[in-house]
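Residues per chain, in single letters:
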Amino acid sequence: MSDVYVVGIDMIKFGRFPERSVPEIAAESALGALDDAGLTIQDMQGLWCGNLYQANAMVGQRMLQEIGQTGIPVVNCSNACATGATAFRDAWLAIKAGVYDVVLAVGVEQMGRGLLGGGGGGKGIPKEGLLGSGLMPAVFAEAGMEHARKYGTTFEQFAKVSVKNHHHSTLNPKAMYQKETPLDEVMNAEMIAYPNTKLMCSVNVDGSAAAVLASEAKVKELGLMGRAVRVKASVLTSDPWQERDLVMPDVNTCTRLAAQAAYEMAGVGPDDIDLVELHDCFATAEILHYENLGLCADGEAGKLIDEGQTALGGRVPVNVSGGLLSKGHPLGATGIANIFEVSTHLRGEAGKRQVEGARLGLTHVIGLGSACAIHVLEKVG
Amino acid sequence: MADDTQASGPLPVVDFLKLPEGGDPYLEGHVCSSCSAIFLGARRHCSKCGARDSLAPKRLENRGTLYVYSIVHRSFPGIETPYISAIVDLEGGGTVKGNLIGIDPDPEKLTMGMPVEVVYKDALGRKDKEGNSYISYFFQPAAG
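Just so you know, the sequences run in chain order A and B. Going by this note's numbering, the first sequence opens with residue 6, and the numbers climb by one from there. Going by this note's numbering, the second sequence opens with residue 1414, and the numbers climb by one from there.
Chain A extracted, bound-state conformation:
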């Protein structure tokens, strides 16, 4: 089976665009990715489009109605916060299977403001604040408290994640915010769901990201190997049964399964990884994933953040884009946006936030419900 490469990739600067349509927002990054590859929509043999909030509204086709209706197959997919990564992976699969040579994957979202989760629905009376909380800040707070229970992780250590990622975003012009948030500001921000303050919650923004993927033969034929990024591993898992998962979504096990499979597929280990973009939907989550991805031993995530090992310049920089906490989290776009970030570093084009000498990077997203997607990307040449 052919290796698969990213030959063009882009994301728009995340923000709030209530006056624009979802297909318009998608089209901007799709055209950006095509331009990056020096290709056109006429060159694409298929489109995978990830979007959550309009999952039943043919966003992919509507995007082609903006930029070129060529009759190619379009798959619209939705997989919670793993939506974009799932679109990318299924595009990868199609090339891996040998059916197509060059295809487009797009992730897009237009978000409202406010709290996610906690709807519950169903019959009877509202359950939020009666049977505990189903709101995302609380759900991920509880996941973080499990780590605190096991290893004594502190509120301050969780907060440091947010300080780091906000700092990183000051170097990323495509992030929603470019603003330092010192530790006392993070810890004293409005408490949303202890231990997550407002500055420890990801930002709801609109955005899109897109990638052009191609087979090895096609990359060579097009003469695009120079800036190509090799997809060394693409893995998707769902949540295996866990004792508490009826009331406490388990983001750990599906990540561990995916990480193990991804390292195996790529033929590398966590020590080989030069940078990571992981799913910091809440500051508490990033701490868990240091261990889930094998960046440190179990119980050492607090130490990792304390020592600055995951900051730009540290041993394994994590979320140098600013992460979901400050770059923003347009749900369906996030999975391709983090592939954009890692690819940009592997190409040596990340400017002030460049991870020097980056050759191998890992991206990770989690959609509650649950879906976990991990990609390992490698610099070519």
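Keep in mind that the hints were calculated from the coordinates and are not lab data. Ideal Cβ positions, reconstructed from N, Cα and C, are used throughout, including at glycine. One or more hints might be untrue.
Chain B regions said to be covered by chain A (calculated; three or more residues, Cβ under 8 Å) [said to hold, decoys possible]:
1) 1430-1441
2) 1444-1453
3) 1476-1485
4) 1499-1512
Calculated lysine to any residue pairs in the SDA-like style (CA-CA distance at most 25 Å, straight line) [to be verified]:
5) K203(A) x E1441(B)
6) K384(A) x L365(A)
7) K128(A) x P1518(B)
8) K384(A) x L227(A)
9) K155(A) x K1431(B)
10) K1461(B) x L373(A)
11) K155(A) x G1506(B)
12) K184(A) x N257(A)
13) K128(A) x D1541(B)
14) K128(A) x K1471(B)
15) K128(A) x L1537(B)
16) K128(A) x G1538(B)
17) K308(A) x P1520(B)
18) K237(A) x R352(A)
19) K1461(B) x P245(A)
20) K1461(B) x L262(A)
21) K1431(B) x D1502(B)
22) K155(A) x G1505(B)
23) K1471(B) x G129(A)
24) K1542(B) x I130(A)
25) K1522(B) x F160(A)
26) K128(A) x E1441(B)
27) K18(A) x R352(A)
28) K1522(B) x E151(A)
29) K1522(B) x R352(A)
30) K225(A) x G37(A)
31) K1461(B) x K18(A)
32) K128(A) x R1539(B)
Following the hints, complete the assembly by docking chain B onto the known chain A.
Just chain B now, with coordinates in the frame of chain A:
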């Protein structure tokens, strides 16, 4: 006229809260006869081991320990804050999420692993569209 829509008494907030006539309320789990996994709410098949038609009801204990929690300060409009969202492991099996009451919503006061008990009370005055009131379950620090 109201008689057509009013239930005879308060309704259970969830299907797995049982209100037996003349008996004490309790939480009901469903146990897989094949692998002993415990679920909340009736179901046919076991998602742990895949066994079919293997689930039987089991009365869950009213005592347990606080596994983890979060203190919610920002919620939907109209929902009183703060409240403690607690995940409780029940003695004998089963894990349930609910509000922890009877203790300050303060991390200094809360200890993961602390013993709690399940209590049954009116669902914070919440009523459905038909005006029915509900009984809910809550956790509180275990007495003595």
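Status of each hint after checking the structure:
1. Only when three residues or more bring their CB closer than 8 Å to a CB of chain A does the claim for the region 1430-1441 of chain B stand; here the count is 0, and the claim is violated.
2. For the region 1444-1453 of chain B, the stated coverage by chain A holds: 3 residues have a C-beta nearer than 8 Å to a C-beta of that chain, and at least 3 were required.
3. Look at the region 1476-1485 of chain B against chain A: 6 of its residues bring a Cβ nearer than 8 Å to a Cβ of that chain, three or more, so the hint holds.
4. Taking a C-beta to C-beta cut-off of 8 Å, the region 1499-1512 of chain B contributes 8 residues in contact with chain A, enough for the three needed, and the coverage statement holds.
5. Annotation: proposed proximity of K203(A) to E1441(B) is violated, straight-line Cα distance about 37 Å (limit 25 Å).
6. A threshold of 25 Å between alpha carbons decides the hint, and for K384(A) with L365(A) the separation of about 6 Å falls inside it, so the pair holds.
7. A distance of roughly 29 Å separates the Cα atoms of K128(A) and P1518(B); the hinted pair therefore is violated under the 25 Å criterion.
8. Among the hinted pairs, K384(A) with L227(A) is consistent with the structure: their alpha-carbon atoms are about 18 Å apart, no more than 25 Å.
9. Between K155(A) and K1431(B) the CA atoms are separated by roughly 34 Å; this puts the pair beyond 25 Å, and the hint is violated.
10. Pair hint K1461(B) plus L373(A) holds up; C-alpha atoms about 18 Å apart against a cutoff of 25 Å.
11. A threshold of 25 Å between alpha carbons decides the hint, and for K155(A) with G1506(B) the separation of about 20 Å falls inside it, so the pair holds.
12. In summary, the hint linking K184(A) to N257(A) is not supported, as the alpha carbons are separated by about 30 Å, beyond the 25 Å threshold.
13. Proposed proximity of K128(A) and D1541(B) is supported: the alpha carbons are some 9 Å apart, at most 25 Å.
14. With a C-alpha separation of about 24 Å, the suggested pair K128(A) and K1471(B) falls inside the 25 Å cut-off, and the hint holds.
15. For the suggested pair K128(A) and L1537(B), the alpha carbons sit about 17 Å apart, so the restraint of at most 25 Å is met.
16. Between K128(A) and G1538(B), the direct Cα distance comes to roughly 16 Å. Compliance with the 25 Å bound is thereby established for this hinted pair.
17. Between K308(A) and P1520(B) the CA atoms are separated by roughly 22 Å; this keeps the pair inside 25 Å, and the hint holds.
18. Of the supplied pair hints, the one linking K237(A) and R352(A) holds, its CA atoms being roughly 15 Å apart against a limit of 25 Å.
19. Restraint check for K1461(B) and P245(A): the C-alpha separation of about 8 Å stays at or below 25 Å, so the hint holds.
20. For the suggested pair K1461(B) and L262(A), the alpha carbons sit about 17 Å apart, so the restraint of at most 25 Å is met.
21. Restraint check for K1431(B) and D1502(B): satisfied, since their Cα atoms lie roughly 19 Å apart, inside the 25 Å limit.
22. For the hint linking K155(A) to G1505(B), the alpha-carbon distance of about 22 Å falls within 25 Å, and the restraint holds.
23. Distance restraint check for K1471(B) and G129(A): the Cα-Cα separation of roughly 24 Å lies within the 25 Å cut-off, and the hinted pair is therefore satisfied.
24. As the CA atoms of K1542(B) and I130(A) are separated by approximately 8 Å, the hinted pair is consistent with the 25 Å bound.
25. Distance restraint check for K1522(B) and F160(A): the Cα-Cα separation of roughly 15 Å lies within the 25 Å cut-off, and the hinted pair is therefore satisfied.
26. Taking the CA atoms of K128(A) and E1441(B), the gap is about 19 Å. The hint holds against a cut of 25 Å.
27. Under the criterion of a C-alpha separation no larger than 25 Å, the hint pairing K18(A) with R352(A) is consistent with the structure, at around 19 Å.
28. A threshold of 25 Å between alpha carbons decides the hint, and for K1522(B) with E151(A) the separation of about 17 Å falls inside it, so the pair holds.
29. A C-alpha spacing of about 51 Å is found between K1522(B) and R352(A), which places the hinted pair above 25 Å, so the restraint is violated.
30. Distance hint between K225(A) and G37(A) is fulfilled; the C-alpha atoms sit about 21 Å from each other, no more than 25 Å.
31. At most 25 Å may separate the alpha-carbon atoms for a hinted pair to count; K1461(B) and K18(A) exceed this at roughly 43 Å.
32. For the hint pairing K128(A) with R1539(B), the CA-to-CA distance comes to about 13 Å; that is within 25 Å, so the pair holds.
Hints 1, 5, 7, 9, 12, 29 and 31, counting from the list given before, are not met by this structure.
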